[in-house]
Amino acid sequence: MSALTNFLAFLGLLTTLLMVWRQSRPARLRLLVVQSLLLAAQAIAIAAFTGRAGLLLVALALILVKAWWIPRALGRMAEGVPRRPVAPGRSAGIRLLVSGALVVVAYALILPVSARSPLPTRGGIPLAFAMALVGLYACVTGRDAVGQILGFLTFENGIFALGLLATYGLPGLVEAGVFLDVLVVVLIAEGLVMQIRQEHATIDVDRLRELRG
Amino acid sequence: MLLVALLAVPLVAAALLSRASGRVAGVVHAFAATATSALALTTAVVVMRETSVEALEGFLRADALSAWMVALVGGVAGLASFEAPHYARGADTRRFLPFFHLFVFTMLLAVTTDDVGFMWVAVEGTTLASVFLVNFERTRASLEASYKYVLICSVGIAVAFLGTVLIYFADVTRAGDVEHALRWTTLRRLAPALPAGVVEMAFVFLLVGYGTKAGLAPMHTWLPDAHSEAPAPVSAMMSGILLAIGLYAVLRFKPIVDLAAGPPVARRLLIGLGLASMSVAAAFLWNPHNYKRMLAYSSVEHLGLVSLGLGFGGPWGLAGAMLHIANHALAKSVLFLLSGRIRAAYASTDVSAVRGLLTRLPVSGRLFLAAMLALMGLPPFGLFVSEVMIFGAGFAAGQIAAAVTGLVLLLIAFAGTLNALQRMLHGNAAGRGVEPHVWASAPMIAALALLVLTGLAWPPGLAEALAAIASVIAP
Numbered sequence: 001m002s003a004l005t006n007f008l009a010f011l012g013l014l015t016t017l018l019m020v021w022r023q024s025r026p027a028r029l030r031l032l033v034v035q036s037l038l039l040a041a042q043a044i045a046i047a048a049f050t051g052r053a054g055l056l057l058v059a060l061a062l063i064l065v066k067a068w069w070i071p072r073a074l075g076r077m078a079e080g081v082p083r084r085p086v087a088p089g090r091s092a093g094i095r096l097l098v099s100g101a102l103v104v105v106a107y108a109l110i111l112p113v114s115a116r117s118p119l120p121t122r123g124g125i126p127l128a129f130a131m132a133l134v135g136l137y138a139c140v141t142g143r144d145a146v147g148q149i150l151g152f153l154t155f156e157n158g159i160f161a162l163g164l165l166a167t168y169g170l171p172g173l174v175e176a177g178v179f180l181d182v183l184v185v186v187l188i189a190e191g192l193v194m195q196i197r198q199e200h201a202t203i204d205v206d207r208l209r210e211l212r213g
Numbered sequence: 001m002l003l004v005a006l007l008a009v010p011l012v013a014a015a016l017l018s019r020a021s022g023r024v025a026g027v028v029h030a031f032a033a034t035a036t037s038a039l040a041l042t043t044a045v046v047v048m049r050e051t052s053v054e055a056l057e058g059f060l061r062a063d064a065l066s067a068w069m070v071a072l073v074g075g076v077a078g079l080a081s082f083e084a085p086h087y088a089r090g091a092d093t094r095r096f097l098p099f100f101h102l103f104v105f106t107m108l109l110a111v112t113t114d115d116v117g118f119m120w121v122a123v124e125g126t127t128l129a130s131v132f133l134v135n136f137e138r139t140r141a142s143l144e145a146s147y148k149y150v151l152i153c154s155v156g157i158a159v160a161f162l163g164t165v166l167i168y169f170a171d172v173t174r175a176g177d178v179e180h181a182l183r184w185t186t187l188r189r190l191a192p193a194l195p196a197g198v199v200e201m202a203f204v205f206l207l208v209g210y211g212t213k214a215g216l217a218p219m220h221t222w223l224p225d226a227h228s229e230a231p232a233p234v235s236a237m238m239s240g241i242l243l244a245i246g247l248y249a250v251l252r253f254k255p256i257v258d259l260a261a262g263p264p265v266a267r268r269l270l271i272g273l274g275l276a277s278m279s280v281a282a283a284f285l286w287n288p289h290n291y292k293r294m295l296a297y298s299s300v301e302h303l304g305l306v307s308l309g310l311g312f313g314g315p316w317g318l319a320g321a322m323l324h325i326a327n328h329a330l331a332k333s334v335l336f337l338l339s340g341r342i343r344a345a346y347a348s349t350d351v352s353a354v355r356g357l358l359t360r361l362p363v364s365g366r367l368f369l370a371a372m373l374a375l376m377g378l379p380p381f382g383l384f385v386s387e388v389m390i391f392g393a394g395f396a397a398g399q400i401a402a403a404v405t406g407l408v409l410l411l412i413a414f415a416g417t418l419n420a421l422q423r424m425l426h427g428n429a430a431g432r433g434v435e436p437h438v439w440a441s442a443p444m445i446a447a448l449a450l451l452v453l454t455g456l457a458w459p460p461g462l463a464e465a466l467a468a469i470a471s472v473i474a475p
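Protein sequences appear in the order of chains C and F. Mapping to the numbering used here: the first sequence position 49 is 49, numbers consecutive. Mapping to the numbering used here: the second sequence position 114 is 114, numbers consecutive.
FYI, nobody ran anything at the bench for these hints, they're computed from the structure. Any given hint could be a false lead.
[What the hints assert, rightly or not] Which chain F residues stay away from chain C? Per the calculated CB distances, all over 10 angstroms, these: (1) 15; (2) 26; (3) 42; (4) 117; (5) 135; (6) 138; (7) 165; (8) 262; (9) 269; (10) 440.
[Stated by the list, open to error] Covered stretches of chain C, as calculated for chain F (at least 3 residues, CB under 8 angstroms): (11) 96 to 102; (12) 114 to 128; (13) 142 to 154.
As the structure is a computational prediction, the values presented were derived from the model and not from experiment. For glycine and all other residues, C-beta sits at the position ideal for the given N, C-alpha and C.
Taking the hints into account, I'd like the entire structure generated from these sequences.
Now the structure itself:
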C-alpha cells in the first residue's frame, strides 16, 4: 500500500513541477486534469486498502469537479487568448529552481510532523505538502488570471492530498463544503475574468492598475 | 431552536429576495433585518444567563465569545440595513438585497457553528457572498477590487484549511477515531494532550489564513480596494464586523495552541502581526487622499490594535481587545454609512474634493465629526477606554517595547487622520448635497450614544460578559 500511495503522491508533485515548467496554457490545463485524476486514484487506492467506501464518493467528486468541470471553465476563460504569455517573461529555469528549493523546505518543515503518523501512507505526506507549497508559489507569481487560478487549484489539490494521506480525508460534511467552495470560487472567477476581458481585452493581471495607494 | 431561527431568517430572506422586487422586496428586507437583529440580541441575552446554548445536537453552539460576535453582527447588519435601500433601486435590488442577507447568514453561521471545519466553510462563504456586493457598481475599479478580493481571500483561506487539516491530523493521531473530532469542544478537551510541534505549525497557518480575512498586514492588500469600492452599507459590514470574524476564527484556536504548546507561541505571533498592521496603516494614514481608503486603512490599524491586545493577554488585554472589536464595529460602520452620503453629495471620494462638510450636510457632517473623534480614541467614547485597557495590559505584561511602539504608531495615525478631517469639515461648501431627513440618522445617533456608554458608564452586565469571554479564550 505504501508503495502505491507514495508513487501516486510523487506523480502528483511531478505534474505540479511540470506545470511550473510549461509555458503553453492548454498543456498546463491538461496537467491539471492529470493531477486531479491522480488525486482521485489516490482516494480510490486508500478506499480499497482501508475499506472506507466514503472515499469513493470523494474520488467521484474529484473527477467530476476538478478533472472535468473546472478545466472546462478555465478553458472558456482563456478562449481566443494566445496560448503562451505574449511578453518573453522570466525564464522557467528560475521558477523551477525556486520550486525545487520549496520541495526541500517542505521536507524540512513537515518531516517532524509526518513522522508522528501511524498510517502506512505517511511517506507521501511531504510530497503532498511540497505540491501545496509549489502551487501557492505558482499562484502568487502567476502573470495572468488563468495562471493564478491554476496555481490556486494546485495549492488546493496539494492540501487535499495532504488530508488524504495524513488522515484518510476529513469528515464528509467538511469535504463537501470544500468541493462546493472550489466550485463557486471558479464560477465567480470565471464571471469576473469574462468582465475583465470585456473591459481590458486581456487576462493579463498586470493591466489591472486602477487602484493604488 | 434559537440558533436555528437566527440562521434561518437571513437564509430564507435571501431566497425570497432573489424572487421579489419593488415594494415587496423592501418589506421583506426590513422585516428580515429587524428579525435578525432581534434574534441576535436575544441570543446574547440567553447566553449571558445560561453560559451557552446548543442546537442540532451540538453542531451549532454559542458560548460567550460567539454571543458577543452574534450581537455585533446583528447590530451592524441592523445599522447597514437602514441605508441599504438607498443603494439598490429598481431592478438592482435583486443584485443587492439577496446577497446582503446571504452575507449576514454566512457571518452568523461562522460564529455559531461548533465544528471548526464547517467554520472554515462558512468563513469562505462570507467572501463568496460578499464579492457580488463589492462588484455591485460594475466599474473598472470595482471589478479589479472584486478580483483581488476573491483571489487573495480564497488563497488565504486555503492556507487556513491547511492549518485545519494539520489540527485534525494532530487530533486523530492522538485520540484515534473520536466522534466529532473537529468540534471545538472536542479539541478544547483534548488540547493538553495534542503534540506541541504539530499544533504550533497549524496555528501559524491558521493565523496567516484567517489573518488574511482579518486584514492583518502583510496579508491586507485586498482590503483597502474592496472596502473602498463596495457600496457603503457593505463596506460598513465588511469593516465593522467581517474583519473581526477573521480574528474570531483565530481566537477559537488560541486556547488550543496555548494548552498544547504554551502561551508564548500565540503571543509573539499576535504582537508581531499587530505591530506590522499598525505600521502599514500609520504609513498610509499620515497623508490620506481618499476618505474611503482612509477608513479602510484605519480598519487595518484597529484590527492590528486588537491583535496586539490579544497578544498582551491577561484579563485586561483580552477584555480590552473584545471591547475594542465592538467599539470599532460601531464607530466604523457609522463612518462608512456616512461616507456613502458624503460621496452622494460631492460625487467624489477624494479628500480634496470635500469642503465645508459641516455646512453642506449639517447633520451627517456633525455625526461624521463625532464618529471620527470616537475612532481616533478620544474620550468620552468607548474606544478610548478599550485602548487604555489594551496598552495597560501591555505595560502590565512587561511588553514595554511593543506597547510604546504601538502608542507611537497610534499617534502618527491620529495626526494624519485629524489633518484630513479638518480639511473635509471646513472651507467653502462645494457639492450639491441633500441631507436625508433627521430620522434617517437616528440609528447612527443611537450607535454613537452606545459608544459614549461604553466610554463613560458601562451598562450592567458588560463587565460580566467580557469576563465570560476572557474565560473562553484564556485556558
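Hint by hint, here is what the structure shows:
Distance check on residue 15 of chain F: its Cβ is at least 17 angstroms (rounded) from any Cβ of chain C, clearing the 10 angstroms threshold; non-interface status holds. Against chain C, the non-interface label of residue 26 of chain F holds: every CB pair exceeds 10 angstroms, the least being about 27 angstroms. Residue-level check passed: residue 42 of chain F sits 27 angstroms from the nearest beta carbon of chain C, beyond 10 angstroms. The claim that residue 117 of chain F lies off the interface is violated: its Cβ sits roughly 3 angstroms from the closest Cβ of chain C, which falls inside the 10 angstroms cut-off.
A beta-carbon of chain C is positioned within 10 angstroms of the beta-carbon of residue 135 of chain F; the least distance is around 7 angstroms. The non-interface label for residue 138 of chain F is inconsistent with chain C: the shortest C-beta to C-beta separation is roughly 7 angstroms, within 10 angstroms. With a least CB separation of 5 angstroms from chain C, residue 165 of chain F falls inside the 10 angstroms interface cut-off, contrary to its annotation. With a cut of 10 angstroms on Cβ distances, residue 262 of chain F stays outside the contact zone with chain C, its closest approach being about 17 angstroms.
Once the 10 angstroms rule is applied to beta carbons, residue 269 of chain F is consistent with being away from chain C; the minimum gap is 16 angstroms. Separation of residue 440 of chain F from chain C is adequate, the least Cβ-Cβ distance of about 30 angstroms exceeding the 10 angstroms criterion. Look at the region 96 to 102 of chain C against chain F: 0 of its residues bring a Cβ nearer than 8 angstroms to a Cβ of that chain, fewer than three, so the hint is violated. Under a criterion of three residues with beta carbons nearer than 8 angstroms to beta carbons of chain F, the stated coverage of the region 114 to 128 of chain C is upheld, 3 such residues being counted.
Residues of the region 142 to 154 of chain C with a Cβ under 8 angstroms from some Cβ of chain F number 4, which satisfies the need for three, so the listed coverage holds.
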